[in-house]
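Chemist: Sequences listed follow chains W and R, in order.
For the first sequence, numbering that gives the first Met the number 0 assigns the number 0 to the initial residue and increments by one for each residue that follows.
For the second sequence, numbering that gives the first Met the number 0 assigns the number 0 to the initial residue and increments by one for each residue that follows.
To be clear, the hints were calculated from the coordinates, so they are not data collected in a lab.
Accuracy of the hints is not assured; some may be wrong.
[As the list claims (entries may be wrong)] DEER-style ranges, computed between Cβ atoms:
(1) W/Tyr26 with R/Trp120: 41 to 47 Å
(2) R/Trp194 with W/Leu7: 48 to 54 Å
(3) R/Val211 with W/Leu11: 42 to 48 Å
(4) W/Asp29 with R/Gln247: 43 to 49 Å
[Said to hold, decoys possible] Covered by chain R, according to a simulated footprint, are these stretches of chain W (three or more residues, beta-carbon under 8 Å):
(5) 5-17
(6) 22-28
All values reported here derive from a predicted model rather than from experimental measurement.
Just so you know, even glycine gets a beta-carbon here, dropped at the ideal spot from N, CA and C.
Residue strings, one per chain:
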Amino acid sequence: MLNRSVTLAFVLATVLIIAGVVAFAAYRSDDEGGERERNRGAYQPAPVHLVESWQA
Amino acid sequence: MNASTLRALPWLALYVAAALLPLAIAAIDPPPRRREFVVEFGVGLGFVALALFGLQFALTARFPALAAPFGLDKLLHFHRLTGMLAFGLVVGHILLLVTARREFLEFLDPRGEFIRAVALWWLMAGLTLLMVATLLRQRLGIPYQWWRIGHALLALFVLFVATVHLFRVNHYSDEPWKLVTWVALALMAASLLGWARIVRPFRQMRRPWEVVEVRPERGRSWTIAVEPRGHEGLRFEAGQFAWLALDQPPYDIDTHPFSISSSAEKPGRVEFTIKALGDFTAKLGNLKPGAKAYVDGPYGNFTLQPGDSGAVFITGGVGVTPAVSILRTMRDRGDTRPATLIFAVRAPETAVLHDDIVELAKQPNVRAEFVYEDPPQGWQGATGHINAELLESLLPPAREGGIRYFVCGPGGFMDVAEKALLQRGVPSSRIHSERFNIA
């Protein structure tokens, strides 16, 4: 069975590859860091938890 | 889980691991600058697309170890699907990045960094050309041999400009060891093409064959018989095929895959039965005995296994040739397992190897059923197009387990036959099919 087996293998490989890309992006990303980089030069207040810990 | 699935899984795991390898390299010792998820996801798609392009060369290099468990036609079909996936990933890579950050649009502007922009434009143009020429080859009337050489050159070009693009963006490639690794991986992929197109033909040059007979067959077909010169010939399993270069060196772009129609018990004289369909095959009648030939093979897993209790062949047109090879081999080996051949063809005068099939069907274990679309006067057998009802009337009882089903013919014919067999309850693991109309 050509179409069925090859398509199945292809779908499985695609799912695993996309899962790998998601894992890579999750491991490498930092949305706050990205936001800071995008707004380079703009004033960025310190994260609330740091302010709270400093005040404590 | 059947044996063929078990055989395929390690290869599939290796393929996925190789596709994700660039991400692993990028994740080691990464730059400290972190970006938002959507950007890293987009970048990840680009890396994987590059890896898939590199792997495309491995899928088409005709490695016997890789071709044996699957069959080359399946590898080529997978190659086609993953090519489209890689193209989709590149589109996703671009769209995600420019949507997330407008500043990435500057990568396309040659007034900024010239080489980076040019590489990106060429990459997109090369990829688009590669896809269009492959998907629309027949509609655009591109001859197969020119498409084949253009496809290889465009693939090399895409791999090169994609690597340049990676270096010029330079977010994950600034470490010296990474630079070396990226270049090594790209060279490795490109060298697979060199192996397939230069090294293997060179090895074939040392194993020449000679055309000893050119025999006209019914249905605008020819049987070409070749014999080895200075070597022992070709050990193959009945049902396999080989790439054939006739009256030209194996380096020539005009080499084509053809099914072997002779018995596997005669490795010293191999016959190919070929229908005159394209430019190359139309010239077969001009071929003369004494011409040199080169055979690259055998390939394919369209073969009867020792554990099978019998065989059913559902064939259309010139797709009957591997079935005839299997039946001839069974006869020569004294193999008396039951075999049924269903051969759909327009009319008796176009039935390739008709007389040979009639002769083979004189054995008590072999039954041949011709299905004529345009039957002659007085024909008592089956007529019309292959469909589920017709097949049901011709096939052996469904309760006979252990039978292997072989389907070979035009694309639409095979779709109908495969669907009918599945509806009948035949497990997909017992259905073997072979297609070559990939591009």
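Chemist: Work down the list of hints and note, for each, if the structure agrees.
Modeler: Taking the hints in turn, this is what the structure says about them:
The hint said 41 to 47 Å for the Cβ distance between tyrosine 26 of chain W and tryptophan 120 of chain R, and at roughly 31 Å that hint is violated. Taking 48 to 54 Å as the suggested C-beta distance range, the pair tryptophan 194 of chain R and leucine 7 of chain W does not conform, at roughly 29 Å. One distance hint, 42 to 48 Å for the beta-carbon pair valine 211 of chain R and leucine 11 of chain W, holds here, with the actual separation near 47 Å. At roughly 59 Å, the beta carbons of aspartate 29 of chain W and glutamine 247 of chain R sit outside the given window of 43 to 49 Å.
With a cut-off of 8 Å between beta carbons, the region 5-17 of chain W has 9 residues touching chain R; three or more are needed, and the interface restraint holds. Counting residues of the region 22-28 of chain W whose beta carbon lies closer than 8 Å to any beta carbon of chain R gives 6, which meets the minimum of three for the stated coverage.
In summary, the structure is inconsistent with hints 1, 2, 4 from the numbered list given earlier, while agreeing with the others.
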